[in-house]
Amino acid sequence: MSVEEEIKKLEEEIKNTPYNKATEHHIGKLKAKLARLREEVKRSKSPKGHGFFVKKSGDASVAIIGPPSVGKSTLLNALTNAESRIGEYDFTTTQIIPGIMEYEGCNIQLLDLPGIIYGASQGRGRGREIIAMARMVDLILIMIDVFSIGEVERIRKELWDAGIRINRRKPDVIIRKKDRGGINIEFAKKCRLSYETAKTISLEYMSNADIVIRDDIDIEEFIDAILGNRVYLPAFLVVNKIDVKDVNFSSDMDTVFISAKNGYNIEDLKKKIFEKLELIRVYMKPEGKKIEDKPMVLKKKATIKDVCKKLHRDFVKNFRYAIIEGPSASFPKQRVGLNHEVKDGDVITIVTH
379 MSVEEEIKKL EEEIKNTPYN KATEHHIGKL KAKLARLREE VKRSKSPKGH GFFVKKSGDA
439 SVAIIGPPSV GKSTLLNALT NAESRIGEYD FTTTQIIPGI MEYEGCNIQL LDLPGIIYGA
499 SQGRGRGREI IAMARMVDLI LIMIDVFSIG EVERIRKELW DAGIRINRRK PDVIIRKKDR
559 GGINIEFAKK CRLSYETAKT ISLEYMSNAD IVIRDDIDIE EFIDAILGNR VYLPAFLVVN
619 KIDVKDVNFS SDMDTVFISA KNGYNIEDLK KKIFEKLELI RVYMKPEGKK IEDKPMVLKK
679 KATIKDVCKK LHRDFVKNFR YAIIEGPSAS FPKQRVGLNH EVKDGDVITI VTH
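Residues are numbered in this note's numbering as their position in the sequence shown, beginning at 1, plus a constant of 378.
To be clear, the hints were calculated from the coordinates, so they are not data collected in a lab. The beta-carbon is built from N, C-alpha and C at its ideal position, and this holds for glycine as well. Take every hint as true, because none was put in to throw you off.
Cβ-Cβ distance ranges computed for the label pairs, FRET-style: (1) Asp557 <-> Glu391: 27 to 37 Å; (2) Asp557 <-> Lys434: 34 to 44 Å; (3) Tyr699 <-> Gly559: 40 to 50 Å; (4) Lys568 <-> Gly483: 36 to 46 Å; (5) Pro612 <-> Glu480: 17 to 27 Å; (6) Asn485 <-> Asn394: 45 to 55 Å; (7) Asn485 <-> Met631: 20 to 30 Å; (8) Gly641 <-> Glu391: 43 to 53 Å; (9) Asn545 <-> Glu383: 26 to 36 Å; (10) Leu605 <-> Lys677: 18 to 28 Å; (11) Val622 <-> Gly483: 28 to 38 Å; (12) Glu383 <-> Met514: 28 to 38 Å; (13) Glu383 <-> Asn586: 30 to 40 Å.
Keeping only pairs whose Cα atoms sit at most 35 Å apart, straight-line, the calculated DSBU-like set for lysine-lysine is: (14) Lys687 <-> Lys648; (15) Lys677 <-> Lys639; (16) Lys535 <-> Lys650.
Starting from the given sequences, assemble the full structure and let the hints guide the process.
Below, the structure written as structure tokens:
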């Protein structure tokens, strides 16, 4: 039996097995084996030679991903200074087209990816190369139009099958492999996953390890934690051509309705992109000098240490203290250490030895 045939057999068995407490252990074993075989297939079919690659630039990067001919190129042109080829037919874009969107003092790189088709995660239509680029960004826009509403779940499945987990938190699981002693599992809190199921899944991938599960996770999330090659990205939906046809559509994902051609809701879309990226802007004030006009852009929850690293690694090594004015300061000109969390609008002076 080939690997592909074995995968189909496992998929069918999982589909036909009702999930309950009595079958959880068996389903866990099947899903673990299925995930392992899929990884083997991916490795064997990984693209050879040159693929798509665009150097990341700006303060954050965003992938526009969706089926062909939904207006991705038109949207890129509306949001940035890029010139992506536009046509009313499929597969106009055959390469990744980058552009920079300037918003609230931030430079955000947008990537117009070639249209994603069915089977992309398995390599159809250069799908693996497209998705490999999508794994490297900070935010995904799933773009459809009023005529392709039914494509949303298919695209989400392609992303899932490619190991991209959208709008999910990475499971808090610690795995320490060892030379002997078998599998030992500890639960730091109440968990849907039973000890027996977790151990069976673990044995599909390793023989000896100490595992601490610190989240209430399910079978899929535990397999993801073991594989360790999943990426966790924020995402939202963009529905285009809202000026052409009325549509009654709702989703569990945040959704922005636009007309890229006419500019309808483009400013709202820019704002949503900025909010989802969770960027903050801080302003440096070198000792004895004026506040710099151009902000330093960081991710939310960044610390003074992150600020120092962005300036130069020597700033961490020679750091004495920082002087903070702004939202994160308890009082004017507060002195803080490397672990102080900065906020949007802070003015920072770094004092070194």
